[in-house]
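Kindly generate the complete structure, drawing on both the sequences and the hints.
Protein chains in written order, with numbering that gives the first Met the number 0: chain F, 0 to 94; chain W, 0 to 268.
Just so you know, the hints here were simulated from the structure itself, not pulled from any lab data.
Heads up, some of the hints might be wrong.
Here are the simulated DSSO-like pairs of lysine-lysine, each with C-alpha atoms no more than 27 Å apart in a straight line [to be verified]:
#  : chain 1 : residue 1 : chain 2 : residue 2
1  : F       : K53       : F       : K82
2  : W       : K207      : W       : K175
3  : W       : K164      : W       : K94
4  : W       : K164      : F       : K17
5  : F       : K21       : W       : K175
6  : W       : K175      : F       : K17
7  : F       : K17       : W       : K248
8  : W       : K248      : W       : K207
9  : W       : K94       : F       : K21
10 : W       : K11       : W       : K207
11 : W       : K175      : W       : K248
12 : W       : K11       : W       : K164
13 : F       : K82       : F       : K59
14 : W       : K248      : F       : K21
15 : W       : K78       : W       : K207
16 : F       : K17       : W       : K207
17 : W       : K175      : W       : K11
18 : W       : K11       : W       : K94
Sample of chain F residues with no beta-carbon within 10 Å of chain W, all distances over it, derived [unchecked claim]:
#  : residue
19 : K21
20 : L28
21 : P37
22 : L39
23 : D45
24 : H54
25 : L64
26 : A67
27 : K82
28 : V83
All residues carry an ideal CB built from backbone N, CA and C; glycine is no exception.
So the chains spell out like this:
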Amino acid sequence: MSFWDRLFGHQEAENRSKDVAKQRLQVVLVHDRTRIRPGLLDTIRDEIVSGISKHVEVDKGHVELSLASEGGQSRLVADIPLKVAGRPRQRPTAG
Amino acid sequence: MPGRVITITSGKGGVGKTTATANLGVVLAQRGMRVAVVDADIGLRNLDVVMGLENRIIYDLVDAVEGHCRLEQALIRDKRLPELYLLPAAQTRDKSAVSEEQMCELCNDLREIVDFALVDSPAGIEQGYRNAVAPADEILVITTPEVSAVRDADRIIGLVEAEGKGPARLIINRLKPAMVQRGDMLDTQDVLDVLAVELVGVVPEDEKIIVSANQGRPAALLNGSLAGQAFHRIGGRLLGEVVPFVELKAPPSFLERLLDIFQATGGDL
Ligand SMILES: Nc1ncnc2c1ncn2[C@@H]1O[C@H](COP(=O)(O)OP(=O)(O)OP(=O)(O)O)[C@@H](O)[C@H]1O
Ligand SMILES: [Mg+2]
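Shown next as structure tokens:
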């Protein structure tokens, strides 16, 4: 960040509060629009896990279920890691 | 041709419905339209003071609906413009004094005598909001670029759609270009990304709005106010004109002017 940016109060890209605002809005609006209470996601996740667990072993502690909105469409996104015997679990590194 | 009924609503309170109604009324009247601005905020009358017409009220909207006077008698003419009228809300009654059917009938009568009826909706999603939306041909939703206001706008946009009154169009009010430039305020595109609606205009934060509200003279009546100019552009768009969207810029700060001079001289001060 240049001296002038500092002087004029320009924020560094990762510090912009508007990005936080936008991201929070996107999440809250998907819940509003789909009328899915945040707590309901936990229930759905537990049911998915118990359903899948009947067939394959799921790494229960790392299941992620979230709501996403893109171009006016809302979707449930599930990430369900499986337990593979004999192999250490490897999570993809966030990038 | 019957007049158009346009309702200005918001969900969240205090984001500029009354200000927008008054200014768009002025703008359309300046363009030669016959306009009525209608205060549907029964019990919390405000459009009269924003317009500066509070001392001339004899009858109000509820009187007209209940037949205590003719509609024409309740319309207060704004003498600053050829054909601008205010239909004030009743102050001593509440929202339940009028039904949706009565508002529709009232607006049908207004359609016969004006080109535009602009209805100032109360905040919220209760009876008063429904009364304001029921007679509308078009809905303008107004929001500020803040999380809570945008969220409530989304709710209203959905309700309007569900009632078959959509698609609503959007006005963003009180945008602060300097904050947007710093990345500390949602910009127009951010708001449109999350709401997915058509934009009719962006009104900057402008102290002249408060001065003009003090005086009872909508900013659009004055020359040179930034917010007033923004309302003029919105008025043009309501009339179907293609008005380019201008980027709202913060006036240069003292330091930025200094830097400009510094750079213009090649750093050779
Ligand atoms: N662009 C602007 N710049 C500066 N001040 C503004 C602007 N727009 C509105 N205001 C101020 O914000 C306040 C609220 O505006 P207004 O009364 O129009 O909102 P409203 O949506 O009608 O409120 P309510 O929900 O209570 O009816 C007023 O004090 C007004 O002067
Ligand atoms: Mg108001």
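Exercise for the section: Hints the structure violates: just list their numbers, smallest first. Expected result: 4, 9, 19, 20
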